[in-house]
Amino acid sequence: MSYVWDPHLLVELGLLALAFVLSLAVGVERSRKLKSAGLRTHVLVGIGSAIFTLISAYGFEGVLGPDVAVDPSRIAAQVVSGIGFLGAGVIFVRNNAVSGLTSAATIWVVAAIGMACGANMPLLAIAGTGLHLL
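Heads up: the sequence shown begins at 18 in the numbering used here, then just goes up one per residue.
Everything labelled a hint here was simulated from the structure, so no lab data went into it.
These numbers were taken from a predicted model, which means no experiment stands behind them.
Treat the hints with care, as some may be off.
[As the list claims (entries may be wrong)] If you anchor each label on the Cβ, the simulated ranges turn out as follows: (1) K50 to F102: 19 to 29 Å; (2) G101 to L141: 17 to 27 Å; (3) R49 to A144: 20 to 30 Å; (4) P83 to A105: 40 to 50 Å; (5) V115 to G79: 42 to 52 Å.
Just so it is clear, CB atoms sit at the ideal spot from N, CA and C, and this is done for glycine as well.
Using the sequences plus the hints, can you model the full thing?
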């Protein structure tokens, strides 16, 4: 129960909320264009990426010791790999025409935005979202 009173908790929840809002903004833009990867997909990817990054940053504090080494970049690397598979799932080839590339790239960007939030880099996440929505 000590986690409930952890001083990082409010920061973590704020970063998760920011990931939700920024992912929602991108998802709304994609939904308005009636794309296959819309609001829910982008919000889930953004929040999931933020949660995995928050876990890698703060989730192992209770097990750290002089003989325990934790590499938070390992989880981030696996998030990027997983998003690659998800992005590949929205790309279609039909009659020598490729569709879904922008949706795949947008999913990739939303994952990066969520990871930036989870890594406590809110200005980077906001700037990335703003540049995407231009």
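Here is what the structure says about each hint:
1. K50 to F102: 19 to 29 Å: This hint holds: roughly 24 Å between Cβ atoms.
2. G101 to L141: 17 to 27 Å: With a Cβ separation near 21 Å, G101 and L141 satisfy 17 to 27 Å, so the hint holds.
3. R49 to A144: 20 to 30 Å: holds, 22 Å
4. P83 to A105: 40 to 50 Å: holds, 42 Å
5. V115 to G79: 42 to 52 Å: Hint holds: Cβ distance 47 Å, inside 42 to 52 Å.
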